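2 protein chains.
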Amino acid sequence: MSLMVDPFLLLILSSPSGAGKTTLTRKLQDRFPAVRFSVSHTTRKPRPNEVDGKDYHFVTRDQFDELVGRDAFVEWAEVHGNCYGTSRAEIERARSEPGVAGMIFDIDYQGARQIRAKIPDVVSVFILPPSMIELERRLRGRGSESEEILQRRFQAAIDEIEHYGFFDYLVVNDDVETAFKHLEGVVLAERSRRTRRAELAERLLRAGKL
Amino acid sequence: MSLMVDPFLLLILSSPSGAGKTTLTRKLQDRFPAVRFSVSHTTRKPRPNEVDGKDYHFVTRDQFDELVGRDAFVEWAEVHGNCYGTSRAEIERARSEPGVAGMIFDIDYQGARQIRAKIPDVVSVFILPPSMIELERRLRGRGSESEEILQRRFQAAIDEIEHYGFFDYLVVNDDVETAFKHLEGVVLAERSRRTRRAELAERLLRAGKL
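For the record, the sequence lines run as chains R and S. Residue numbering for the first sequence follows this note's numbering, starting at 1 and increasing by one per position. Residue numbering for the second sequence follows this note's numbering, starting at 1001 and increasing by one per position.
These are computed hints drawn from the structure, not numbers from a lab. On a predicted model such as this, the values are computed, not experimentally measured, just so you know. Be aware that a few hints might be false.
[Stated by the list, open to error] Dumping the calculated DSBU-like pairs for lysine-lysine here, alpha-carbon to alpha-carbon at most 30 Å:
id, chain 1, residue 1, chain 2, residue 2
1, R, K54, R, K118
2, S, K1054, S, K1209
3, S, K1027, R, K27
4, S, K1118, S, K1027
5, R, K181, S, K1045
6, S, K1027, S, K1181
7, S, K1181, R, K27
8, R, K45, R, K27
9, S, K1181, R, K181
10, R, K27, R, K54
11, R, K181, R, K118
12, R, K118, R, K45
[What the hints assert, rightly or not] Derived DEER-like restraints, expressed as beta-carbon distance ranges:
id, chain 1, residue 1, chain 2, residue 2, range
13, S, E1134, R, G99, 23 to 31 Å
14, S, K1209, R, E92, 37 to 45 Å
15, R, T195, S, D1052, 51 to 59 Å
16, R, V5, S, G1165, 19 to 27 Å
17, S, D1052, R, P33, 31 to 39 Å
18, S, D1174, R, D174, 30 to 38 Å
19, R, E162, S, P1046, 54 to 62 Å
20, R, V5, S, R1095, 33 to 41 Å
21, R, E97, S, N1049, 54 to 62 Å
[Said to hold, decoys possible] Computed, partial: chain R to chain S, Cβ under 10 Å:
id, residue
22, R95
23, P98
24, Y169
Backbone N, C-alpha and C define an ideal beta-carbon position, used for all residues, glycine too.
The following block holds chain R by itself, in its conformation from the complex (with noise of 0.2 Å):
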């Protein structure tokens, strides 16, 4: 049976805001329950409902610089005045966990840059809404902003697509279905990569002999 022990999995999910990742990402941790979710440190102040430990680790701006310091996180970045970032110890805890089977970070291309900088064997997936159109209209779906505000989201949106080269995949978010099973498709190819698999060949191999 350990034959089939599925191998440990870092996965980034990425997309400009409006693709539908937040769906998708839900259906992918109903799917695979084994791979756990990442939670970043951030010196941003808890919203109400909002648990540390759970949606994120909760520090001051001298904990996070000291992490910093010390190379802990494998990614990180400031955005308006707030901190984010990963840690490694977040990954290796959760890899020497037995029956966690993976991770999936949540983050956008300059993370997805860093963490690829740092663990090559990293897999990462961008979703991508089928159209432009379709972006704007999701856009403007979510509420009543106005449209100087949109008119930065969609220009964001497209700063993200543009980076497309930091990602291994590229899954259209058409159908929530269709772009799921490919998604899905990703995991299970990946668990199969010759690289992470290896090692069954060869006891095959061993076995062989005997």
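Since chain R is already given, all that's left is putting chain S on it; use the hints.
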């Protein structure tokens, strides 16, 4: 809609005999009817029921040698006095045919090795038995071959497995449904690979500039 056209995929499926490739291949064809099966050239005489152009392209030895001389094959081999080869024209015909989304090659590691050298973006999958004991059981289950023939097949299987390094993916066929899900995953993931989907992102960026 043209956004969602599946990119053309070349997929090598290989396995030691007894690993259950035939069933998996059939299921893959049912799941992806737009992916064409490669028809090899051979100098072997047709068996009753074999149809020229469907099971094989039956050719004379002179014709085969002439094709080899013109570098018309992406892989070829001589096995027990008969020649087998996969012609480049076969692939190009499929690639240019509307509605055809790829081609599957049912070949051994030596064919895989040759095709990968000539067509670097081909995707290769090696089906593994769950254990050597199970492999032997499956080989024995096939009928009443002599012990000598069984041992030769078992050794041939080990020889195949020793060359797992020529494949991108290793799929263990313990439970056929699980193995098939992984095989399906490889096709869906490889269709989503950035290098095959970059044109989608470029189209979005062009539309975003309008």
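*Give me the numbers of the hints this structure contradicts, sorted from smallest to largest.*
Going through the list in order, the structure violates hints 2, 5, 15, 17, 22 and 23 and respects the others.
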